[in-house]
Structure formats: C-alpha cells, structure tokens
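K.L.:
Sequence:
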Amino acid sequence: MAFQYRPVEVSLPGEHPSRLSSDSTSTLRVIDDLDYLSRDSELFLKASIRETASGWIRSKWLWLVHAALLLTSCGMLVSTLILRSSTLHLVRQVSAWSPADTSVQYKQVRYNITSKGNPFVGAGPEVDRVWREISYDMGDQWIPKSDISKLDMPETSLKVNHPTTGEEGYRVGMEVFHHLHCLNLLRRVTYKEYYEPLGGEFSHGPEVLQAHTDHCIEVLRLNIQCNADIGLFTFYMIPDDPLAWPQLNSKHVCRDFEGVRQWALDHSVGNMEVLEE
181 MAFQYRPVEV
191 SLPGEHPSRL
201 SSDSTSTLRV
211 IDDLDYLSRD
221 SELFLKASIR
231 ETASGWIRSK
241 WLWLVHAALL
251 LTSCGMLVST
261 LILRSSTLHL
271 VRQVSAWSPA
281 DTSVQYKQVR
291 YNITSKGNPF
301 VGAGPEVDRV
311 WREISYDMGD
321 QWIPKSDISK
331 LDMPETSLKV
341 NHPTTGEEGY
351 RVGMEVFHHL
361 HCLNLLRRVT
371 YKEYYEPLGG
381 EFSHGPEVLQ
391 AHTDHCIEVL
401 RLNIQCNADI
411 GLFTFYMIPD
421 DPLAWPQLNS
431 KHVCRDFEGV
441 RQWALDHSVG
451 NMEVLEE
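Numbering (the numbering used here), first residue to last: 181 to 457.
The hints are simulated quantities; they were obtained by calculation from the structure and are not laboratory data.
Ideal placement from N, C-alpha and C gives every residue a C-beta, glycine not left out.
Just so you know, not all the hints are guaranteed correct.
Claimed, not checked - Capping the alpha-carbon separation at 27 Å, the derived lysine-lysine pairs in BS3-like fashion look like this:
{"no.": "1", "residue 1": "Lys431", "residue 2": "Lys287"}
{"no.": "2", "residue 1": "Lys339", "residue 2": "Lys325"}
{"no.": "3", "residue 1": "Lys372", "residue 2": "Lys296"}
{"no.": "4", "residue 1": "Lys296", "residue 2": "Lys431"}
Stated by the list, open to error - Okay, the calculated beta carbon distance ranges per label pair:
{"no.": "5", "residue 1": "Thr344", "residue 2": "Met417", "range": "57 to 63 Å"}
{"no.": "6", "residue 1": "Gly411", "residue 2": "Asn298", "range": "19 to 25 Å"}
{"no.": "7", "residue 1": "Leu412", "residue 2": "Thr345", "range": "44 to 50 Å"}
{"no.": "8", "residue 1": "Gln390", "residue 2": "Ser329", "range": "35 to 41 Å"}
{"no.": "9", "residue 1": "Gly353", "residue 2": "Gly380", "range": "18 to 24 Å"}
{"no.": "10", "residue 1": "Gln390", "residue 2": "Lys287", "range": "36 to 42 Å"}
{"no.": "11", "residue 1": "Val289", "residue 2": "Tyr374", "range": "29 to 35 Å"}
{"no.": "12", "residue 1": "His395", "residue 2": "Tyr371", "range": "15 to 21 Å"}
{"no.": "13", "residue 1": "Gln427", "residue 2": "Glu347", "range": "50 to 56 Å"}
{"no.": "14", "residue 1": "Asn298", "residue 2": "Glu376", "range": "21 to 27 Å"}
{"no.": "15", "residue 1": "Gly319", "residue 2": "Glu376", "range": "23 to 29 Å"}
{"no.": "16", "residue 1": "Pro422", "residue 2": "Met333", "range": "48 to 54 Å"}
Using the sequences and the accompanying hints, generate a full structural model.
P.N.:
So, in structure tokens, the structure goes:
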C-alpha cells in the first residue's frame, strides 16, 4: 500500500499566517526577513548611538560655551569692581573729602586748543547757554549735619532743610563749578561792549565788578597752582618767524567732567529754605 506524505503546517512565533514545511521559498523568505530585521535593527541602533553621542557632544559644547561666557562675565565684573575700587582709593588719597568721589573716573584726552568752531568762545545767547550748562544749571548740593566735620568747616555754616526729606543739613557747592563761574565772568568782562548793556554783574558799578574780577583771578590762580599740571608740551617753528611756538595738543589724564556734572545734577537741591537760628 502506497503512502503519500502530506505537508505539515508550521507556525512560527509572531507569524499569523501558516506556512507549509515543504514551502522552501516561504521558509527562506522568513529567514531573509529575519536577516533584514536584524540588519535594520543594527543600523537603527548605530544611528541611535550616533545621535545620542552627537547630542551629548552638542550638550557638552553648549555647557562649555555657557561656562566660558559666565566666567568672562564674572571676570569683567570683578575687573570693573577692582578698577572702581582702586580709582576711588586714588581719588580719596589725592582729594579733599567729598560725597562726589564715587562719580570720578579718569580718561586720556588730547587737548584741541582752538577758537575756530569752539562753542565756548565769543559772546551771545548760544555761548551763554553752553557756559550755563557747565557752571550754573546744576545748582547747589546738600550734606547732612554729621558730614560737616569731614569738611573741616565750622558748624555755624549755613544750615538748610533738604527740600525732599526736610532733614536739617548744610548747603554746599562744588569747587569745579565755582571755578567755571569765575572763568565765565572773565569771558564776559573781555566782551564788555556786549554784556554791559545787559546788566548783571555790570549793573553794580565798576568797583564791584573789579572786585569780583580780582576775586575770580585769585581763585583760578590758587586752583591752577594747587593742581600743578606736570604734563609737557613741545614747540614748533614757523617759516620766517624767529620765535618758537608752543604745540599745545598734548595728552592729558583728565577726570570725566560729565560724570561729575551728572552727579551734581542728580544731587542738586536748588534753592532751599534757610533755617533761622
């Protein structure tokens, strides 16, 4: 009796359709599919590793950049604080006591001494305006009673109430603006023909004007000698002129005037009520 073998159905795990054991093509396809899945998984794993590594490297560089920026910022802050501290220490060593010492900064300036196009030269409303801006507009300042001893001035000095807080203190002015006021007076005196008809200091008579002028000359002399600028200038020759001419466009280390002026404006108290003793 002849027997005929019937192919047995084989089900692989995860495979819903059945395949015949005699179907070699189907079996090979499964093996190929597994190989493909294996290669695909390997490629996916490698890509994932590369992406993870790349992300870690990017993250590392970002942290390094942030750390570098933070260190730079901290370094700049520390340098600024040290510079301000050293500048303040220097100012307090070479200056009389003043609450405005914190406003002082230094810078290098090359002088440009010329009358051509200079807004501070001459007479007229515009010239008067720029002089007022640097000598008058900031008004006076105020210090508390406890600070009068730091000035080594008498306690009988003019007392005033602070216009905002009402606290009793002393009315004070800053020397630099008094010096500029005096220089401005000398300018107006040299343009007497223009300013005399306008009155002002010219309206009190020639004796008073002369006394004011002499006072200002003495104030400026004392200040120039007190500061005793030791900067140097050179000379140059002009053809057919036997005399040497001073070359005054030299470098100077100056206090930043705008910083001082702004401090005075910020602490201005203007006209204040005088306390009666």
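K.L.:
Does 23 to 29 Å hold as the CB distance between glycine 319 and glutamate 376, or does it fail?
P.N.:
holds (27 Å)
K.L.:
For lysine 431 and lysine 287, compute the direct alpha-carbon distance and say whether it is at most 27 Å.
P.N.:
holds (10 Å)
K.L.:
Straight-line Cα separation of lysine 296 and lysine 431 no greater than 27 Å?
P.N.:
Given pair lysine 296, lysine 431 holds - Cα atoms ~20 Å apart, limit 27 Å.
K.L.:
Mind checking the hinted window 35 to 41 Å against the Cβ distance between glutamine 390 and serine 329?
P.N.:
Taking Cβ atoms as reference, glutamine 390 and serine 329 lie about 37 Å apart, which means the hint holds.
K.L.:
Taking only the CA atoms, is the gap from lysine 339 to lysine 325 under or equal to 27 Å?
P.N.:
Between lysine 339 and lysine 325 the Cα gap is close to 8 Å, so the pair holds against 27 Å.
K.L.:
Please test the hint of 15 to 21 Å on the beta carbon pair from histidine 395 and tyrosine 371.
P.N.:
Since histidine 395 and tyrosine 371 have Cβ atoms about 19 Å apart, the given range 15 to 21 Å holds.
K.L.:
Please test the hint of 29 to 35 Å on the beta carbon pair from valine 289 and tyrosine 374.
P.N.:
Once the Cβ atoms are compared, 30 Å apart, the range 29 to 35 Å for tyrosine 374 and valine 289 holds.
K.L.:
Given the hint of 18 to 24 Å, check if glycine 353 and glycine 380 actually sit that far apart at their C-beta atoms.
P.N.:
holds (19 Å)
K.L.:
Given a hint of 48 to 54 Å, does the C-beta separation of proline 422 and methionine 333 actually sit inside it?
P.N.:
53 Å Cβ-Cβ, so the 48 to 54 Å window holds.
K.L.:
Is the hinted pair lysine 372 and lysine 296 satisfied, with a Cα-Cα distance of at most 27 Å?
P.N.:
holds (21 Å)
K.L.:
Hint says 21 to 27 Å; check whether the CB-CB distance for asparagine 298 and glutamate 376 agrees.
P.N.:
With a Cβ separation near 23 Å, asparagine 298 and glutamate 376 satisfy 21 to 27 Å, so the hint holds.
K.L.:
Take the C-beta atom of threonine 344 and the C-beta atom of methionine 417, compute their distance, and say whether it sits inside 57 to 63 Å.
P.N.:
With a Cβ separation near 60 Å, threonine 344 and methionine 417 satisfy 57 to 63 Å, so the hint holds.
The structure agrees with every numbered hint stated previously.
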